[in-house]
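Peer 1: Protein sequences, first through last, are from chains A and B. The numbers in the first sequence follow our numbering, run straight up by one, and end at 260. The numbers in the second sequence follow our numbering, run straight up by one, and end at 164.
Don't take each hint at face value.
Stated by the list, open to error - Listed next, with one range per pair, are the computed distances between beta-carbon atoms:
#, chain 1, residue 1, chain 2, residue 2, range
1, B, THR60, A, ALA156, 49 to 55 Å
2, B, LYS143, A, PRO25, 36 to 42 Å
3, A, ALA156, B, GLN90, 42 to 48 Å
4, B, GLY100, A, ASP31, 32 to 38 Å
5, A, GLY68, B, LYS143, 47 to 53 Å
6, A, ARG102, B, THR60, 53 to 59 Å
7, B, THR60, A, ALA42, 54 to 60 Å
8, A, GLN182, B, THR132, 21 to 27 Å
9, B, ARG104, A, LYS35, 35 to 41 Å
10, B, THR132, A, GLU54, 48 to 54 Å
11, B, ALA59, A, GLY185, 40 to 46 Å
12, B, GLY65, A, LYS186, 27 to 33 Å
13, B, GLU141, A, PRO25, 38 to 44 Å
To be verified - Some chain A residues close to chain B (C-beta under 10 Å, calculated; not the full set):
#, residue
14, GLN167
15, ILE169
16, GLN171
17, LEU174
18, CYS179
19, GLN182
20, ASN183
21, LEU188
22, VAL193
23, VAL225
24, ARG226
25, ALA227
26, GLU228
27, PRO230
To be verified - Under 7 Å between C-beta atoms, here's a sample of chain A residues computed to sit facing chain B:
#, residue
28, GLY170
29, MET172
30, ASN173
31, LYS186
32, ALA190
Treat the hints as calculated values from the structure; they're not laboratory data. Predicted model, so just to flag it, every value in this text is computed and none were measured. Where is the CB? At the ideal position from N, CA and C, for every residue including glycine.
Spelled out, the chains give:
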Amino acid sequence: MKHHCEYSLFALVCLALPVFAQANPPQSGRDFQGKETRALEADEFANPGMLWVEQGAKLWREARGAAGKSCADCHGDAKQSMRGVAASYPKADANGIPPGRRVLSLDQRINACVESRQAARAFAWESRELLSLSAFISHQSKGLPIKVDITGSAAAAYARGKALYFQRIGQMNLACTHCHDQNWGKTLLAEPVSQGQPDGWPAYRLEWQTLGSLQRRLRACFFGVRAEQPAFGSDDLVALELYLAKRAEGLPIAAPGVRR
Amino acid sequence: MGVRSPRWPVRKPLPQARERGESGPARRFAAAAALSLCCHGVTHSNENAPDRIDTPLVATPGDAGRGQRIFAERDGGHCVLCHAAPGITQAGNIGPALHGVGARLSSAQIRLRIVDITRVNPGAVMPAFHRTTELNRVAPERKGQPILPAQQVEDLVAWLSSLK
Chain A
1 MKHHCEYSLF ALVCLALPVF AQANPPQSGR DFQGKETRAL EADEFANPGM
51 LWVEQGAKLW REARGAAGKS CADCHGDAKQ SMRGVAASYP KADANGIPPG
101 RRVLSLDQRI NACVESRQAA RAFAWESREL LSLSAFISHQ SKGLPIKVDI
151 TGSAAAAYAR GKALYFQRIG QMNLACTHCH DQNWGKTLLA EPVSQGQPDG
201 WPAYRLEWQT LGSLQRRLRA CFFGVRAEQP AFGSDDLVAL ELYLAKRAEG
251 LPIAAPGVRR
Chain B
1 MGVRSPRWPV RKPLPQARER GESGPARRFA AAAALSLCCH GVTHSNENAP
51 DRIDTPLVAT PGDAGRGQRI FAERDGGHCV LCHAAPGITQ AGNIGPALHG
101 VGARLSSAQI RLRIVDITRV NPGAVMPAFH RTTELNRVAP ERKGQPILPA
151 QQVEDLVAWL SSLK
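Isolated chain B, as found in the complex:
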């Protein structure tokens, strides 16, 4: 695909007109932004396509069993705080239930949503679990660190992708 696009972290603040069901200026802006990318000779590979991150963040494949624990554990992602999922006895309801998410979204789409949900939904309540830039007033002991390390993101991707 021509020029190899850089791997994560890459942040392209492309408004997701189609995803958010918008029309008019937002959609036109998205089109213009996409066009300007092409004109600058950047090959728009799947790597930095706005809706997905195709390449796993680490070489070691994600482990679905570990992913389920990370989903539930306070020291992990603690995703249960907001999301219900199969096999989880108690969960919050701020975010959508994730039953069957593996059938609705590809692994690449799930990966992007964990890494930085704001790239598909700028107003999202969900934290960007693997982004360290463009954050305000981060506690000193957390500065420069993502909420979840790359391997844990991959473990989560593996488990969520298995929920068909």
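So that you can see chain A by itself, here it is in the shape it has in the complex:
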């Protein structure tokens, strides 16, 4: 019996070790939502973001532009070809368009394909089409850990994103780190402060009554601290996305999330 207890204790310590080894494991934004919001995200039939995923699946197969090609014509079944792709973005893709020159967010990568392969006009930021495709593609990585490359041509963007993350900005004089590293888990009025993890994006935000991109969410934070909002697709926002992705490494993709 005594041995049994010791074994149990040993097993317990072994189980606990990985938790302690990683001082600050990233925690999904989902964990900072209310019970009902979490339930809404978890149920694929109730999750409103799934409407965009379904729309994206349709768009994936639709021929578009002067080239008359669909995404599927080149990429085939997204279940296979897009599995894990969103988990690696933003990315300076050596085989991408433009090839390896700059880091692109997933939205930018989709539009680069639309313009160059389909010879169609790029989708507008936050348009239903672009959000649908990015939700659909992100959903193919569901459960896969975020893992981004910050070497080579991505190094400068990563450094830029990190610098911005730690820079006090706006009339409120706050950096991202002040809330999302130093005070997550506490509350702003009644609202818990999250770690600012990107795993659930694009997400359906109840406040917006629609699905939105991570960049839209980041711009809302800039607005909140009364800072100038960087434009969609700006180097600042892509760099910040890259820093957030690196910071979130290991966290499984959970798009589309549902947020307050």
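Starting from the known structure of chain A, fit chain B onto it as the hints suggest.
Peer 2: For chain B alone, coordinates are given in the frame of chain A:
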């Protein structure tokens, strides 16, 4: 007190060694900085003493009742976002609860902490509510404006000082 020191805004980035419980280089730097001020013949009046702003920012005395509303209202300071205080039903907890703050700090100390908390705590999360310089990427429509006008700062000082 000799040379009249300028009124707010004055920003002296003196590290607050004692406040932050630091020792060693930071404290020595603070001492050196203080010494250099003396050597340059600047009288170190209470006006720009690092821990307090003695002179109210406006002539009209602060109104504690207005201060309480400014504390709670979204259009005011919205201090409740981070601070609990007496009579406030719902508040955040990023900053400390302010029950009894009027007994712990003088009005002059409270004034400085609202105007620019970074002068006593450079790493503070709390915004500098009445500072317009040394800020980055401020939204164009907010540029050059403090978060709270001087009168509202005084109203807040009046209310917080009353919390004994």
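Peer 1: Out of the numbered hints, which ones does the structure contradict?
Peer 2: Violated hints: none; all satisfied.
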